[in-house]
Amino acid sequence: MSKIFPLIIILIITFMTNSFSLTGEEILAKMDKHRDYKTITYTGIMSIYVKDKVRIKNLKSEALGGDETKAIVEFTNPEDEGTKFLMLGKNLWIYFPEEEDVVKISGHMLKEGMMGSDVSYEDALESDALSEKYKITLTGEEKFNDRQCYVITLDAKVKKVPYYKRRMWVDKETFVALKEEMYAKSGKLLKVSNVLETKEIGGRKFAVKVEMVNKLRKNSKTVFEMIDVVFDKPMDEEKFSMRYLRR
Amino acid sequence: MKTLIAIAFRNLMRHKRRTILTGIIISVGLWLYIFMDSVMAGLDRGSIDNMINLTTSAIKIHTEKYDDEKESFPLKYGLQNVDELTLWLKNDNRVSAVAPRTQFIGELSNYEESIPVIGSVVDPVSDKEVFTLTEYLDGNYFSSESTREIILGKELAKDLNVTHGDFITLYALTKYESRNADDFKIVGTFNTTDPNLNKNGVFISFTAANQFLDLENTVTEINVQLKHRINFNDLLADMKEVRASFSSQYPHLVTYTFAELGAGILELVRQKKIWGVFMTLVLLLIAAVGIVNSVLMSVYERIREVGVLRAMGFEGSEIMKMFIFEGAMIGFLGSLVGILLGIATVVVLTTYGYPLEKIYGDMYVDTSGFPMWGTIYGEWNIPLIIGSFLFGLITSILASIPPAKKAAQMEVTQAIRFI
Amino acid sequence: MMYLLKMAFRNINRNRRRSILAFTSVALAIMFITFFRGFAGGMLKSIVKNSTKNETGHIRITTKEFHEKSRFVPVSENIPEPEKIITQIKNDADIRKELSIITERINFGVLLSNEGNNKSAMALAGDPEIEKDLLLLQKSILPGGRYIRNERETILGSQIAEALNLNIGDILKVMTQGADYALHLRKFKVVGIFETGLNVLDNRIFQIPLNDAKKLLRTGNETQQIIIMLKDYKKSEAIAEKLRTLINNKDLAVVSWTEQGQWASMVKMASVIYNYVYFFIAFLGAFIITNIMMMVVLERKKEIGIIKSMGISKLEVMILFLFEGMMLGFIGSIAGITLGMIINIYFAIKGFDMTKMMGSFNFPMDTVLYFDISPASLLNVLFIGITVSALVSMLPSWRAARMNVVDSLKSV
Chain A
-13 MSKIFPLIII LIITFMTNSF SLTGEEILAK MDKHRDYKTI TYTGIMSIYV
37 KDKVRIKNLK SEALGGDETK AIVEFTNPED EGTKFLMLGK NLWIYFPEEE
87 DVVKISGHML KEGMMGSDVS YEDALESDAL SEKYKITLTG EEKFNDRQCY
137 VITLDAKVKK VPYYKRRMWV DKETFVALKE EMYAKSGKLL KVSNVLETKE
187 IGGRKFAVKV EMVNKLRKNS KTVFEMIDVV FDKPMDEEKF SMRYLRR
Chain B
1264 MKTLIAIAFR NLMRHKRRTI LTGIIISVGL WLYIFMDSVM AGLDRGSIDN
1314 MINLTTSAIK IHTEKYDDEK ESFPLKYGLQ NVDELTLWLK NDNRVSAVAP
1364 RTQFIGELSN YEESIPVIGS VVDPVSDKEV FTLTEYLDGN YFSSESTREI
1414 ILGKELAKDL NVTHGDFITL YALTKYESRN ADDFKIVGTF NTTDPNLNKN
1464 GVFISFTAAN QFLDLENTVT EINVQLKHRI NFNDLLADMK EVRASFSSQY
1514 PHLVTYTFAE LGAGILELVR QKKIWGVFMT LVLLLIAAVG IVNSVLMSVY
1564 ERIREVGVLR AMGFEGSEIM KMFIFEGAMI GFLGSLVGIL LGIATVVVLT
1614 TYGYPLEKIY GDMYVDTSGF PMWGTIYGEW NIPLIIGSFL FGLITSILAS
1664 IPPAKKAAQM EVTQAIRFI
Chain C
97 MMYLLKMAFR NINRNRRRSI LAFTSVALAI MFITFFRGFA GGMLKSIVKN
147 STKNETGHIR ITTKEFHEKS RFVPVSENIP EPEKIITQIK NDADIRKELS
197 IITERINFGV LLSNEGNNKS AMALAGDPEI EKDLLLLQKS ILPGGRYIRN
247 ERETILGSQI AEALNLNIGD ILKVMTQGAD YALHLRKFKV VGIFETGLNV
297 LDNRIFQIPL NDAKKLLRTG NETQQIIIML KDYKKSEAIA EKLRTLINNK
347 DLAVVSWTEQ GQWASMVKMA SVIYNYVYFF IAFLGAFIIT NIMMMVVLER
397 KKEIGIIKSM GISKLEVMIL FLFEGMMLGF IGSIAGITLG MIINIYFAIK
447 GFDMTKMMGS FNFPMDTVLY FDISPASLLN VLFIGITVSA LVSMLPSWRA
497 ARMNVVDSLK SV
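Residue numbers (our numbering), protein chains in the order written: chain A, -13 to 233; chain B, 1264 to 1682; chain C, 97 to 508.
Fair warning: there could be bad hints in the mix.
[Said to hold, decoys possible] Simulated coverage check for chain A against chain C, where a stretch passes if three residues somewhere in it have a Cβ under 8 angstroms from a Cβ of chain C:
hint, segment
1, 64 to 78
2, 82 to 90
[Unchecked claim] Each computed DSSO-like pair below joins lysine-lysine, with the alpha-carbon atoms no more than 27 angstroms apart:
hint, chain 1, residue 1, chain 2, residue 2
3, C, Lys398, B, Lys1279
4, C, Lys160, A, Lys204
5, C, Lys283, A, Lys90
6, B, Lys1328, A, Lys146
Because the hints were derived from the structure by calculation, they are not lab data. Computed from a predicted model, the values in this text were never measured in an experiment. Glycine included, every Cβ here is placed at the ideal spot set by N, Cα and C.
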């Protein structure tokens, strides 16, 4: 699955039907089942809202499934046409077409909003081993957007995490996390993501439209929409290399 | 000789008004000069003291790793055994106070707007002993168990449209680079002489930062304040010595003295002094012209008397001496009064200070960019006072030579006819 | 009144030596003031120019949002259709004659890196030809380098070059967030390294062509700032006001240098302090007038008695003596100004080279000063000369006026 956005990673559905008294860990495991595809390709539209302005970024993404992030994103909107991201594990390289050059992004730059959005580069690279970093507990059940949901709470077990606490509303039937709240150490709500639309693709329930709202700034949010999602299209692993990026 | 001096003195007494007038110009000249020099030096010293007391302190200590990356204020390279270092420093009798601080980068947000800030974590008790922030504070300092209190620059508060009592959101990365944001209560705002601090500076206490930044009492800098020295060069020497002995004890730590931290301002002051010398020369030249003219005149005016003296049998050289004595006496008295006035003014300036605003008069001047404002205190410059006394005296003597010569060479009849 | 003037003039003529002494003294003082003013004026002009040229110019036009956040130098708050505004300004006859330079400028802060070395820096992007007269960085380029001629060329401060280990011919990669918030990269060839001796420049600044900045930052047709330099910096507030009316766009901020930047207040303070110094010098120079007049009054006791008994009023006697003092001051001032002007005009044309005096002076200033010779400043000096002369003649004139007719007639 594309690991561009952690929420998307988490939002994929499984066919597992609901059983009762699942633990938080088990719920997360079921959500993780989303990754049982080999490859994913899609076209994305990112709408970035800041104050009263909106900017649109179009992109195409190809990614491998599995635990390690392996993805290539190519932007297609006129301003950024040809700009490519290569994500391998926790590393990010950007290819700038005009300069035909690749730059590795590191340090504080990773904390910046990706292409000016409310999703940081770091967020996009985050590995999914949530259960290693967080203690997961099922804290309740709630109705959200007319869907019955588990509410699971993730509390950081280690100090080196981007968010100290998260809460997810996971659809009892589809195991898509319909909403996620990200909290700071102080307990202050930093970001909220909401699934705006889910679709059934190739037999999977899949969140195709998600918004990320920045709670520290007024009128600041990013909406990400995926169209033409295709699973398991044969793909050459060689693609995910610096050599390919420069081509 | 004695007679000549007596005659010269009596002459001066006879023309009291003229003597006083000529003396006044010397006095006023020297007095204003001493006054201006004291104020200028006071301004420079004041700016330097302000910088030391507000932002840099006399000596700063970091770890080597912190020093390498200090532009990004890394929280992970804290100092070990801060208590031991503090104790060691305090043992030096030149040291007056020691305070730990930890700086961090953050963002302050009122939800509408967010502004990048440089935060300083302070220990409310010891920080007061080293830094003078509280003198510029409007509102309160940190209360003893301040967990979510913040103090920020007036300018910053204005930009974010907040004031004391309001809450504001501070956003920063913790020591473990986890995002954190929290609402802090603004207990005080400050308007200091450092515009950068007013625009981008925020302060929280270690108690607060241990929670907010997961700081675990990390201290990235130790600030050392030294005892006050009247002469600034003595202070610089103290800094050097304290640093040298500290470095030999703890060679792995990086230390900076104000000589490095304030290199910019020190250079500016040094260069200003060169300008000062230039300006002084011009001023003294004018003063000299004034003195010469006055003495010249008072001698010329009385050349007619020379005729009488010659007729009574005085030698040319004696008459010359007499006039030079007169010039010297005027110079002596004028200079004496001048430096006495100057000394009195400097005493007032050094003890009571002078409100800087008065220099600008009614004109509105935005003082926010100055390194200092408020009340300035004068500086003593003994060599300058002695020097200006000698200057007044010598100029007067030199000024009286040409007319004295002329008088000495005159024939009786010529002198009596001299208008 | 005329006859008083005539009488005063004749009196001055009566004791030539004294009069000559008085006005040489005044003339010398006024000459120094004129010289000093020219020097200080030139210095202030240079400070204003040099302290504003990198940031605000004499007048800067930006968007309101940029102005409010200007200390963070945002690249996303840009002026639409800047050419239109520039043409509009240039077409205004009143303003055109005051203009020295008008140009677009884009500044942005960026973390530069090269082979693992990092350095935060500020890019100054403008039209390279115009910036030759504004930033003046071409003057400080170290041997082996040259100024920017083409696109994708940069010159950078010596300390930046050192920190990044860059040499002439190397490639500088500039990666930054553009107006669209996305990351962009542009490569520049280092064609020159400059060393101005000013830390603020050598340690922080690199210059690139405006068009490169526009492409890198994706500002499109928009620009960040319009910088205006005037022929006379003192008029900037008035002209800024005129521009506000002319442009008439409430989304734009037209700001004079006096309203921003830390040097503005420093320059104002310097002007005030200098005025005190001028008065001090003039006072010292003119004080001899008091001295002379005091004597004159005593000498002419009898005359004063006579003219008073002839029916001349107290006020007229006072005016007579004031005229005498002021005339001395006036003639002296004219002579002083003329002499001072000759020196100043020389330095205004040839320039006053202070390279040696400045040494490693860390002050945004040219090393060659061109003296200020504005007529307004001459009038100002003349005014100081006459005022001070009148002031110092006050006391003796008052004494003369107050004299009792009988007593004065009785005197020797």
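A quick look at each hint next to the structure:
no. : hint                   : verdict
1   : 64 to 78               : holds (count 3)
2   : 82 to 90               : holds (count 5)
3   : C:Lys398 <-> B:Lys1279 : holds, 21 angstroms
4   : C:Lys160 <-> A:Lys204  : holds, 20 angstroms
5   : C:Lys283 <-> A:Lys90   : holds, 15 angstroms
6   : B:Lys1328 <-> A:Lys146 : holds, 20 angstroms
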